[in-house]
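Residue numbers (the numbering used here), protein chains in the order written: chain A, 1 to 327; chain B, 1001 to 1327; chain C, 2001 to 2327; chain D, 3001 to 3327; chain E, 4001 to 4327; chain F, 5001 to 5327.
Treat each hint with caution, since some may be false.
As the list claims (entries may be wrong) - List time: in silico DSS-like cross-link candidates among lysine-lysine, alpha-carbon distance up to 27 Å:
(1) 1258/B with 1045/B
(2) 2028/C with 2071/C
(3) 3235/D with 5031/F
(4) 3258/D with 5235/F
(5) 2300/C with 1258/B
(6) 31/A with 5131/F
(7) 5082/F with 3258/D
(8) 131/A with 4235/E
(9) 2300/C with 5089/F
(10) 4031/E with 3082/D
(11) 4203/E with 235/A
(12) 1235/B with 1203/B
(13) 2031/C with 5031/F
(14) 258/A with 2028/C
(15) 5071/F with 203/A
(16) 2258/C with 300/A
(17) 5258/F with 2300/C
(18) 4300/E with 3208/D
(19) 5028/F with 31/A
(20) 300/A with 2089/C
(21) 1300/B with 4126/E
(22) 5028/F with 3235/D
(23) 1258/B with 258/A
(24) 5208/F with 2300/C
(25) 28/A with 5082/F
(26) 4082/E with 3028/D
(27) 5071/F with 5089/F
(28) 1082/B with 3031/D
(29) 2258/C with 31/A
(30) 1082/B with 1131/B
Stated by the list, open to error - A partial selection of chain B residues facing chain A, derived with a Cβ cut-off under 7 Å:
(31) 1079
(32) 1121
(33) 1125
(34) 1135
(35) 1273
I should point out that these hints are in silico values taken from the structure, not numbers from a laboratory.
From the three backbone atoms N, C-alpha and C, an ideal C-beta is built for every residue, glycine too.
6 protein chains.
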Amino acid sequence: MKEFYVQDAPRFENMVITSYFCVSQMQKRDKKTGGQYLALTLSDKTGALEARMWDDFAEAVATCTEGGYAKVQGQISNYKGKWQITLTKMRNAAESEVDTADFQAVSEFPVAQMDAELRAIVDNFKDADLKRLVLSFLDDEEIGPAFRVAPAAKMLHHAWISGLLEHVLTLVKVCLATAPFYPEVNTDLLVTGAILHDIGKVKELSWKTNFTYTLEGQMIGHISIAQGLLREKVKELAPFPERLRILVEHMILSHHGKYEFGSPKLPMTPEAMLLSALDDLEAKFAAMRREFAAAESSGKAADETTEWVRSMDRPLFNSQRWLADEQ
Amino acid sequence: MKEFYVQDAPRFENMVITSYFCVSQMQKRDKKTGGQYLALTLSDKTGALEARMWDDFAEAVATCTEGGYAKVQGQISNYKGKWQITLTKMRNAAESEVDTADFQAVSEFPVAQMDAELRAIVDNFKDADLKRLVLSFLDDEEIGPAFRVAPAAKMLHHAWISGLLEHVLTLVKVCLATAPFYPEVNTDLLVTGAILHDIGKVKELSWKTNFTYTLEGQMIGHISIAQGLLREKVKELAPFPERLRILVEHMILSHHGKYEFGSPKLPMTPEAMLLSALDDLEAKFAAMRREFAAAESSGKAADETTEWVRSMDRPLFNSQRWLADEQ
Amino acid sequence: MKEFYVQDAPRFENMVITSYFCVSQMQKRDKKTGGQYLALTLSDKTGALEARMWDDFAEAVATCTEGGYAKVQGQISNYKGKWQITLTKMRNAAESEVDTADFQAVSEFPVAQMDAELRAIVDNFKDADLKRLVLSFLDDEEIGPAFRVAPAAKMLHHAWISGLLEHVLTLVKVCLATAPFYPEVNTDLLVTGAILHDIGKVKELSWKTNFTYTLEGQMIGHISIAQGLLREKVKELAPFPERLRILVEHMILSHHGKYEFGSPKLPMTPEAMLLSALDDLEAKFAAMRREFAAAESSGKAADETTEWVRSMDRPLFNSQRWLADEQ
Amino acid sequence: MKEFYVQDAPRFENMVITSYFCVSQMQKRDKKTGGQYLALTLSDKTGALEARMWDDFAEAVATCTEGGYAKVQGQISNYKGKWQITLTKMRNAAESEVDTADFQAVSEFPVAQMDAELRAIVDNFKDADLKRLVLSFLDDEEIGPAFRVAPAAKMLHHAWISGLLEHVLTLVKVCLATAPFYPEVNTDLLVTGAILHDIGKVKELSWKTNFTYTLEGQMIGHISIAQGLLREKVKELAPFPERLRILVEHMILSHHGKYEFGSPKLPMTPEAMLLSALDDLEAKFAAMRREFAAAESSGKAADETTEWVRSMDRPLFNSQRWLADEQ
Amino acid sequence: MKEFYVQDAPRFENMVITSYFCVSQMQKRDKKTGGQYLALTLSDKTGALEARMWDDFAEAVATCTEGGYAKVQGQISNYKGKWQITLTKMRNAAESEVDTADFQAVSEFPVAQMDAELRAIVDNFKDADLKRLVLSFLDDEEIGPAFRVAPAAKMLHHAWISGLLEHVLTLVKVCLATAPFYPEVNTDLLVTGAILHDIGKVKELSWKTNFTYTLEGQMIGHISIAQGLLREKVKELAPFPERLRILVEHMILSHHGKYEFGSPKLPMTPEAMLLSALDDLEAKFAAMRREFAAAESSGKAADETTEWVRSMDRPLFNSQRWLADEQ
Amino acid sequence: MKEFYVQDAPRFENMVITSYFCVSQMQKRDKKTGGQYLALTLSDKTGALEARMWDDFAEAVATCTEGGYAKVQGQISNYKGKWQITLTKMRNAAESEVDTADFQAVSEFPVAQMDAELRAIVDNFKDADLKRLVLSFLDDEEIGPAFRVAPAAKMLHHAWISGLLEHVLTLVKVCLATAPFYPEVNTDLLVTGAILHDIGKVKELSWKTNFTYTLEGQMIGHISIAQGLLREKVKELAPFPERLRILVEHMILSHHGKYEFGSPKLPMTPEAMLLSALDDLEAKFAAMRREFAAAESSGKAADETTEWVRSMDRPLFNSQRWLADEQ
């Protein structure tokens, strides 16, 4: 464990610390008074910190690279409300020196436990073909492990290691809770869709040291990537019922629910309709959580709304906090 | 019970029947060959039937009125695929002659049972104020009984007697099933919203003999009517916590989820967001059921989609039926 | 009267002034060179001024609060084209020390005169019920006075004390001027709508020291607030003709003219249609005035358009000024 | 004057009449029983009537043409709620036999009087150049007379002879009534725009015997036609102030107020903004009048709304009639 | 060759013909006068004809099926402007009795010649991988022949046998003509996209006896079907350059150019952009041709526009015909 | 030729240069430390450079003006990644001192050659009237020369001297290449449209020292300006065939292809449809070129997309560069 995390800055104001960081950005800039300095962004799993190194940065420049790790010494301060660090020492750090888990946000739930929960649900499938299909993904040598560590997004909901698995598991549970009210829905089929709908994200996103979109992600998109993976698995599992293949494929293609969100088809079956609605609900609550946290940490009072949320075209309001506040 | 219902027509082809109907429409028209005839629409809770009376309709015209009941005798036939009846006798029927329950579609669930289920849920509220509020509606001398018989819509989802209560009860159950996954949600508040969100329909709709919109329904709308009723109840219950009043009012105003659906506000709180999403899901599945039934009764095969559904801009597809069909 | 107003800054460049201000914002910040300083926004009815206090601000911090008044001494200067003040003294000022009228923009028309004009118009109503209704608002102990001082908006049109009354009075006059051309319009009804359409703003906005939205304003909105107030008044005035109640309520609910502007109903009656169109016209001309003034004060020439006006998706052009410029 | 007009049909039920009509449509069709008959639409200024000629129509076919006049004899009857005439005689009628004024709907206001009113307003212009410009149109040998007889539309508002002049005159008056409330507006400029904004309709529409769009109307449109006419007039009037030319041209180009209504520019000046809003108001009230009349003549009660009005996406409601109905 | 085609009806008015047809629809209906008759739609490659069989249709009903062939005898007549046939004899016809080419519209260009032209272009590819890829489709035992006979659509552009090949070949030629003006474009890549973009139609459409959508076509769509086929081919051709695979896949996914047309991605590369634009142009001109032909065959004059074309929200106008008409 | 161009900055880092520039902006600002300095933007045809003059700028202020030329001496440096110049000397420069060609971006193709190419194409017109029409523009004393030097836009495609001619010539060539595939298209008419469609830009834009919109450009727009010019030319050329006039006018009015882009009419003829589509294609490829260049010069790798392109709502991707990068 590191001795200092970005989120600890307030407790270390004006103190000198020594710690490891990921070098997210590094750039030489001109001083107003002549000469140059080094401007950096250092990050770990708790956030990012602006850094400045005013002198003697030759070694830093020579040995460190963006996307790599560094060991630094410097003083924490607050400038215009933002925390920063003024470096006195900086050198490259080998991956062996650090605990890489320190440098990326991870799900608060243990992967093994989430995986076990998901597999237990799949084990209960009545439909042997769908079970075979889902397991062919979970047990795939490449896709399986990636599915267990991938984030669910670059910046929005569940943007942390194993966020995809966390998102899928919650969605599966909500599916299981609501399906009984809709007798038109085949539960195994629905859960299959919930598990596979975002499987394309294992190739749409890259999560080496930061979370970014791959080129294939940008040009093909996780919906069509997932469809390609499905077709390949179905071929391997042959004979596989053609009707199930079409129904699962339809759920994947339509789960964004609207053409303008990149779904080439709109949900036509009960399972596709329910999956799409519950996935949207998950996304909205994830956004709500982020906004509530941001509002609270920026010092907003209980009777104030969040900032305007552009993706929803409205501000949000934390009713629980307001009611609690009254008592 | 009537001896003949509209839905029985196929079993009575070319037979003469005598029965009671609601006179939905009545109009004199010119025969091509000179003279006039009487064109009518007769209905009961199972549907509507075109009727023609070619001669001797003076008494019928003199005594019967649109919206009233009539006793008729006539022969059932099929013309261009539609069932119709050619009348030989027709006279007005007093309300005392008929069982009014024969003339309007009613929920398949007993009202008393649904009401009891709903009240049991309200009894479990932890929040005494919200319980008081909901009960003030359920126990209101005018609103309460209306709420238990009103349909939920003129033609779309739950367009039958007690359809509103049926819709509300299902929605409340889905709310209770999903709320545990969203800790931001106050369950009592959510359920209050689910019970009251459509309460304005008791004045938006009229369900005397047919289901129609009242003028107030067209010019004010059930959202604003509900808001007015809420304000009146809150005044009667004073002192009532202002914060709860605002949060419930917000759920009512925002439950359609989009401005273009007549919501003057978009959902901002976790409860409003969840209520709006689940209410939308209910409406979509109700539409899906209607479309699947229509497709099946029009003779569509299991591998055919329904007709194009304009409100959703797509056809739908009954996956369960297709999978069952294979086996 | 204050000895110095924000708008006087150019005449006082590099001079030391002493005056009272409203403390809109106050924040401690770190100096680049170590230590802290105080960054403030000071305002009066003529605008807002950035302030800096570099040293000895302990008393200021200890006694002053955001939203309160302060007496300050400092030097006016211009930094990057913006006026600012460097404070040497600052202390809290009691409300009794200041003339609160100095701190908020107010309508250029006397309230008493506008009120009298409006009441004279209401006195001429032929319809006694509508007259009763309007007077019940104007004479209400809480709503009446609020209606006479409220601004019409937080930032857009008529964002000054008594701006609501000013907006309403102009709108009423334009209604009276145009109604004769539309015989379908009931003038008393139209004017009632014009007076009451924005009455909900007395609770949607707060204008203590700045203009802001109340939480109820954000979650309920002035349209639905107004509808609630109307229902309460109608109850008090009972018996009140139901038809007039519905028609007035419809005008309030539909006056924004479009669902996406928060109207739950579209204008269906001649009065609602005309009111909505003229209210929109008022808003557009108010925006135009602001833009023309801004263009002129930013030094734009007579043959230049204003900046791009996002709400209208176009720039505007002052034709009068251009024609005058030619002569 | 004709002895029988289309609107008189109810008074002549089952009677034989002889009268002149315009032959709007004429077509031979097959009888079900073999042989042919003649199906026609006959019209005059009060409406259109379906006609059938079952036998002996050789002369009719030989001498009559669509768009021409005919003298007919036949019996009036009502079939499925629609009035029709069964012809026994029909022959071509020369234009000299008829009073062409009988065959097209005309404004209820005398042309000479409307023209005089308009000219009186123009005479009051303070701006000599704008007066010259407007008069150059009114006094133009081709445009002037066409402007005085043209309809304002093919089917929608003011679709009758001299409807354009009637529309323009009303619009000018509403402009004069509202302009005083908007000091940013140059009244002469505004009125010039009101008079010329639709001048392109003299070439967009054809009103020989029916009202139709010309090909130029369809491919160029009245906005661009008007702009072309303006440019030609300005050239003839040279020297004409360039600034006035641009401001008038801008009003013409922007008067539809929205790109999707065919305006290549949005209103940027006070005059263009006001003109566009008032022109839209005129169109909406004209539509409202048509809908109220249609509702009343189709037997709708005072408390019923009109049919759904597609262009406005809502039904309308005649508040005056409802209020009168109560008393 | 059949002795009578649907398009020959005008030449056979009132004559009795004997010929083979495809039975598109067949339904028993009630006569007004009691009893039943047979209502049918008969079709061949030149169009469809309504048919009625009033008596003695027991054999017809017993032996014929929708989608099969029939030999009929009947009299041609015109009823309300539509041609129809009154049958006196009808029996099932074996596929061996007919020339199936008589029953579906086919491209006016020989398949072999179009195929040869296309292959010649592919032979000229500089890029060996893309050549391999395209040939793997053209030479595929299942896809290849289907690609050569499939229509391009159910009803819109190129809705005839081999219409897909015809559309593709034209598009390829326009691509080759325009590519030289856009140096950013890789011609082989562009042409590959043009050949493969619609390849999914071989499974989206069915063209046994009529043209319809398959269920897979409705639920997956030709874009995603094509993507699936591409992935399979690329696997078979391994090793295949990943970059080319992504670029071709991107062209397929984005060729509809807009999300609302079912493209899950928008064109990002020069080739995707150009392909999408030229494909759209092809579709528009195909629509224009249909509209011009329909206008001419419905008797419209050279100076009249076509009917309103809903998909383009405007009428069209045949400029060539109008100019020719003048001379 | 200047000794230093803006684009040469990297080669002159920290060196002192002397050169001529256009003074795009000039402003006095306050130093933080008291006193003032001069902030300027200096530009030439290769770009713009921020400049600062800290002392002794009295002469500069006294003699130089925005939009004029200046001779300066100063040192090149890089501040926060942007190049700038610190001036030590600055004085006004007469137009005679400079080569004005140094100060505006110009087409890379010689004007005379482009003009000759265009005229050769016009010479080949079969239609003498269209040839007369086009030449009347090219040979016009005012329009002709302006057409040869005007840019095609203020900032977007072909924003350089003679950019309009360059755009038109390319468009004409693409028209000639594609027209043969669309037999509905009259090539002379199409090319006439291609040459004249943007002719209004000669009055919409001003290109004295920078490129800006004229007031007429903003209030009338190049589409309507072009239509006005066409009408004047047609009058001069009388007799000119009315049909050709309408068809050319229609192409001009509809070439933006969508109402929201300011076209008052949508393309209805084959020529208007093709012209509009190819013009759009030109604009898109021009944007693509800019974005590819910007991405490359900002150091993006071959496998990265460009920045998000707002006008197209997507990023773009240079496929050629990526494929080349692999080899």
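Going down the list of hints, with the structure as the test:
no.	hint	result
1	1258/B with 1045/B	34 Å, violated
2	2028/C with 2071/C	19 Å, holds
3	3235/D with 5031/F	55 Å, violated
4	3258/D with 5235/F	31 Å, violated
5	2300/C with 1258/B	41 Å, violated
6	31/A with 5131/F	64 Å, violated
7	5082/F with 3258/D	42 Å, violated
8	131/A with 4235/E	25 Å, holds
9	2300/C with 5089/F	30 Å, violated
10	4031/E with 3082/D	26 Å, holds
11	4203/E with 235/A	17 Å, holds
12	1235/B with 1203/B	20 Å, holds
13	2031/C with 5031/F	18 Å, holds
14	258/A with 2028/C	48 Å, violated
15	5071/F with 203/A	56 Å, violated
16	2258/C with 300/A	32 Å, violated
17	5258/F with 2300/C	32 Å, violated
18	4300/E with 3208/D	20 Å, holds
19	5028/F with 31/A	23 Å, holds
20	300/A with 2089/C	30 Å, violated
21	1300/B with 4126/E	51 Å, violated
22	5028/F with 3235/D	46 Å, violated
23	1258/B with 258/A	15 Å, holds
24	5208/F with 2300/C	20 Å, holds
25	28/A with 5082/F	12 Å, holds
26	4082/E with 3028/D	13 Å, holds
27	5071/F with 5089/F	8 Å, holds
28	1082/B with 3031/D	26 Å, holds
29	2258/C with 31/A	55 Å, violated
30	1082/B with 1131/B	51 Å, violated
31	1079	35 Å, violated
32	1121	15 Å, violated
33	1125	14 Å, violated
34	1135	20 Å, violated
35	1273	6 Å, holds
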